[in-house]
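Student: These protein sequence lines map, in sequence, to chains A and B.
Numbers 235 to 704, taken from the working numbering, label the letters of the first sequence in order.
Numbers 2 to 209, taken from the working numbering, label the letters of the second sequence in order.
Source of the hints: derived by calculation from the structure; they are not laboratory data.
Careful, some of the hints might be misleading.
Ranges of calculated distance between the beta carbons of each label pair, as one might list FRET restraints [said to hold, decoys possible]:
(1) B/Arg-92 to A/Asp-415: 34 to 42 Å
(2) B/Ala-152 to A/Glu-410: 46 to 54 Å
(3) A/Gly-365 to B/Ser-110: 28 to 36 Å
(4) A/Thr-339 to B/Ser-110: 47 to 55 Å
(5) B/Arg-24 to A/Gly-340: 16 to 24 Å
(6) A/His-259 to B/Ser-110: 41 to 49 Å
(7) B/Glu-32 to A/Glu-410: 48 to 56 Å
(8) B/Pro-22 to A/Val-656: 27 to 35 Å
(9) B/Gln-68 to A/Ala-250: 40 to 48 Å
Short, incomplete list of chain A residues facing chain B, as computed with Cβ under 7 Å [claimed, not checked]:
(10) Ala-291
(11) Asp-295
(12) Lys-397
(13) Gln-417
On a predicted model such as this, the values are computed, not experimentally measured, just so you know.
Glycine included, C-beta positions come from ideal geometry on N, C-alpha and C.
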Amino acid sequence: MSDTHDYSKGFGARAAVSLGRPGLHDLVSEAVDRQSAARLQALESLDDPEALRDLAAEIRDDALARLDERLASLAANWEAAGGTVFFAADADEARSYVADLATRTGAKTAVKSKSMVTEEIGLNAVLEQMGVEAIETDLGEFINQVAGDHPSHIVAPAIHHSKADVARLFSRLSDEPRDEDAQALTGFARAYLREKFLSAELGITGANFGISEAGALCIVSNEGNARMCMSLPPVHVAVMGMERVIGTWDELAVMLALLCRSATGQKITQYVSLLNGARRSDEPDGPEESHLVIVDNGRSNLLGTRYSSALRCIRCGACLNVCPVFRQTGGHAYDPVYSGPIGAVINPLMKGTDEAGELAHASTLCGACTAVCPVRIPLHDLLVYLRQEYARESAPATERAGYQVWARAWSNGRRFAWFSRVGNRFGRIMGDRVGTRLPLPLLSRWTRPGRRLPSFPDKAYRDERKGAGG
Amino acid sequence: MDRTLFLERIRRRLGDVKPPPVRIPHDWASEIDDPVARFEQELDAVGGKVHRFRGGPTADALAPILQARELPAVLIVRDGVPEDIEAAVTRSGGKVRWWPDASREEVTSADIGVTGALWGVAETGTIVVSSSPPSGRAPSLLPPVHVAFVASERIVPSTAELFRRIASMTELPSNLVLITGPSKSADIGLELTLGVHGPAELHVVLTA
Numbered sequence: 235m236s237d238t239h240d241y242s243k244g245f246g247a248r249a250a251v252s253l254g255r256p257g258l259h260d261l262v263s264e265a266v267d268r269q270s271a272a273r274l275q276a277l278e279s280l281d282d283p284e285a286l287r288d289l290a291a292e293i294r295d296d297a298l299a300r301l302d303e304r305l306a307s308l309a310a311n312w313e314a315a316g317g318t319v320f321f322a323a324d325a326d327e328a329r330s331y332v333a334d335l336a337t338r339t340g341a342k343t344a345v346k347s348k349s350m351v352t353e354e355i356g357l358n359a360v361l362e363q364m365g366v367e368a369i370e371t372d373l374g375e376f377i378n379q380v381a382g383d384h385p386s387h388i389v390a391p392a393i394h395h396s397k398a399d400v401a402r403l404f405s406r407l408s409d410e411p412r413d414e415d416a417q418a419l420t421g422f423a424r425a426y427l428r429e430k431f432l433s434a435e436l437g438i439t440g441a442n443f444g445i446s447e448a449g450a451l452c453i454v455s456n457e458g459n460a461r462m463c464m465s466l467p468p469v470h471v472a473v474m475g476m477e478r479v480i481g482t483w484d485e486l487a488v489m490l491a492l493l494c495r496s497a498t499g500q501k502i503t504q505y506v507s508l509l510n511g512a513r514r515s516d517e518p519d520g521p522e523e524s525h526l527v528i529v530d531n532g533r534s535n536l537l538g539t540r541y542s543s544a545l546r547c548i549r550c551g552a553c554l555n556v557c558p559v560f561r562q563t564g565g566h567a568y569d570p571v572y573s574g575p576i577g578a579v580i581n582p583l584m585k586g587t588d589e590a591g592e593l594a595h596a597s598t599l600c601g602a603c604t605a606v607c608p609v610r611i612p613l614h615d616l617l618v619y620l621r622q623e624y625a626r627e628s629a630p631a632t633e634r635a636g637y638q639v640w641a642r643a644w645s646n647g648r649r650f651a652w653f654s655r656v657g658n659r660f661g662r663i664m665g666d667r668v669g670t671r672l673p674l675p676l677l678s679r680w681t682r683p684g685r686r687l688p689s690f691p692d693k694a695y696r697d698e699r700k701g702a703g704g
Numbered sequence: 002m003d004r005t006l007f008l009e010r011i012r013r014r015l016g017d018v019k020p021p022p023v024r025i026p027h028d029w030a031s032e033i034d035d036p037v038a039r040f041e042q043e044l045d046a047v048g049g050k051v052h053r054f055r056g057g058p059t060a061d062a063l064a065p066i067l068q069a070r071e072l073p074a075v076l077i078v079r080d081g082v083p084e085d086i087e088a089a090v091t092r093s094g095g096k097v098r099w100w101p102d103a104s105r106e107e108v109t110s111a112d113i114g115v116t117g118a119l120w121g122v123a124e125t126g127t128i129v130v131s132s133s134p135p136s137g138r139a140p141s142l143l144p145p146v147h148v149a150f151v152a153s154e155r156i157v158p159s160t161a162e163l164f165r166r167i168a169s170m171t172e173l174p175s176n177l178v179l180i181t182g183p184s185k186s187a188d189i190g191l192e193l194t195l196g197v198h199g200p201a202e203l204h205v206v207l208t209a
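In isolation and in its complexed conformation, chain B is listed as follows:
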């Protein structure tokens, strides 16, 4: 239907008296004392794993994740992750595939996807990944394991604060995704199952 007609049809049904515009109080979300600790606690509660990483070779942080698998193919975004990551993956017995240079086949068959994240949210244990370079969409979605590096200082207390940050972004990407734990469902017999379509494992490496 023509847009003007569609909207006109609505306008005719609405009265001229409008309620006053809504004011959203700034402080409706609960206060949080220690955002990093809370982030860890919340993500743990929904089945994600937090690794605190305070410097040193990245291999130390990745080793426990990589060594659980044999020769994993690791899809890594080019920026937003530690510089020594290639060495770290190779030393732990993994094969590196760079995003977005990898072929479609290399992307769809990767065992682990490694990305950065724009923010973390303490209240919910959420991380935020952008479709803008370097991340894109596939590395945090297609592989059965997702590893995200997040700087502790990027953890905001609440979703209310997160959306204020998003509102003040100068340019939005086409897709921001808030990720909170592994993919899950309870559609079969009300039983919790993991890795339905997205990753079955989410590891967040908190960097200082």
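Chain A extracted, bound-state conformation:
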């Protein structure tokens, strides 16, 4: 099934589509529970995971505070090793650079490994338009591409597809019936994509970290597809969000230990590729050209603001896995690229759109996201700030007036007592009729049919305490 969510509509409408999809909730909740359990177990292998998280937050803050210097030295050192660097201010510049590369090298096929930033800049669509076949080679992304679909999770992009879905999709692709056997389906994908790897003229990857002192990139994968993309085609381009830079190899050891454990519950992923510029003259194989595209695309909107800690994010997906809202809706309700709590924070800020209010309200503010974040982004605080801005700038006048009255009433003891007494009496008289028979325009979504108010006690709490001599 392809993604039928309408991204021009709001979160509520998209969530309704997700909630109505049979089986989706079970697929999502099983996947996130498993990843959360794996994460907890993996953290136990560290002597002091909490101290390491503090250190990781420091490392990221240090890099962000010196971002200009770090990027300048990353670029200079990458170039010194024979690589090429392009700084892209926005999605359009980044896409155009890669499109020009494809044209110049006469590419007909581009193989891609999983990269959220290339999803963000909409790279595939541009390549397809110019007649370049852009193939997703991460198994999950490949499934999504065959389905005509978007990733629904930052780390595990195809959790919304069941094994039966995959068998159906691969049967259609190969015009041959495929059994619901995960290993056999994987074997089909291996053979299908191997040909693409060997014939592609352009390999595209993301980058998990840039290491400025070394002019190096670190790219993790479990399947080995990223290694193929950076090793087999004659031209490799890595697209990296500009915030993903750190200072040193020592820092990388810390970041890697937390990224792998937080994302998939592994001590380390099967493959960790460290790249430094272009293939040396004495090396037996590898691409002839190595390009690095460093992308801003709205990230600098967050620098120097109270939201800047969101740029610490290393895209591990741990906050998605524990979020009670994500669990119900899956990722497509948020955005075609970044979902979950981190998506709710960075999407509106990077895009500079006013959907902030809505996404920021797609949270219970339970703080589970903040509790698991390996780089200690105070996600639920940031969601509250976004709500404040929404309340100041975009909330309907009636809603603002309502909250003002509420704030005045409840910030004074006598007024509060009066309100609770009147409210209690009103509640007892109206009972179940509140909201169903009595129209309450401001509270309609809280009181609509299907939701029941609890029955009210005989006395307001304060009066009861007084009566009891308390």
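Starting from the known structure of chain A, fit chain B onto it as the hints suggest.
Tutor: Okay, now just chain B, sitting in the frame of chain A:
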């Protein structure tokens, strides 16, 4: 965008007050008593196989891996592997193809790739393979089976120590890859599958 402008735009948004530089404590990784035993245990846990090899003809070490297949084509890097490896492969019924002299077709159709490794990491069961000669990239990536020879003394305790070693390399290759077990995925129905793109089997032969 022009680099100077790009970086200037960032600089303008950052304050002048910088946090003190981060100091990474030397000892954040757990201590390990017996790195070789730990390496074996960790690699085993992620589905790789460790073979301890204490001298004698290399055929003894390779036989169990090669004899599981019929007439396997074995792609072998020219250095960093035991000198008698050709005899070992032939005796076990395999055909030798030398890297990087083999043709593209011979490389892409090889059944087994044999390389050396720069280091092993005890904490994670990881080996490190370089794109520099002799290894290159393809022999540890394209064949469905990867066999790596690693000297036990090259096993470092932790990834923290590994990155200190990497930091002190006089010259970096264009690509170092940390390999920890066979290629795997859980993208289909959350089921573990092996050999998605990289090798489905990883054998590490620890030499004394």
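Student: If a hint holds in the structure, say so; if it does not, say that too.
Tutor: These are the hints, each one checked on the structure:
{"no.": "1", "hint": "B/Arg-92 to A/Asp-415: 34 to 42 Å", "in the structure": "37 Å, holds"}
{"no.": "2", "hint": "B/Ala-152 to A/Glu-410: 46 to 54 Å", "in the structure": "47 Å, holds"}
{"no.": "3", "hint": "A/Gly-365 to B/Ser-110: 28 to 36 Å", "in the structure": "31 Å, holds"}
{"no.": "4", "hint": "A/Thr-339 to B/Ser-110: 47 to 55 Å", "in the structure": "26 Å, violated"}
{"no.": "5", "hint": "B/Arg-24 to A/Gly-340: 16 to 24 Å", "in the structure": "49 Å, violated"}
{"no.": "6", "hint": "A/His-259 to B/Ser-110: 41 to 49 Å", "in the structure": "45 Å, holds"}
{"no.": "7", "hint": "B/Glu-32 to A/Glu-410: 48 to 56 Å", "in the structure": "54 Å, holds"}
{"no.": "8", "hint": "B/Pro-22 to A/Val-656: 27 to 35 Å", "in the structure": "60 Å, violated"}
{"no.": "9", "hint": "B/Gln-68 to A/Ala-250: 40 to 48 Å", "in the structure": "59 Å, violated"}
{"no.": "10", "hint": "Ala-291", "in the structure": "10 Å, violated"}
{"no.": "11", "hint": "Asp-295", "in the structure": "6 Å, holds"}
{"no.": "12", "hint": "Lys-397", "in the structure": "3 Å, holds"}
{"no.": "13", "hint": "Gln-417", "in the structure": "5 Å, holds"}
Against the hints set out earlier in the document, violations occur for numbers 4, 5, 8, 9, 10.
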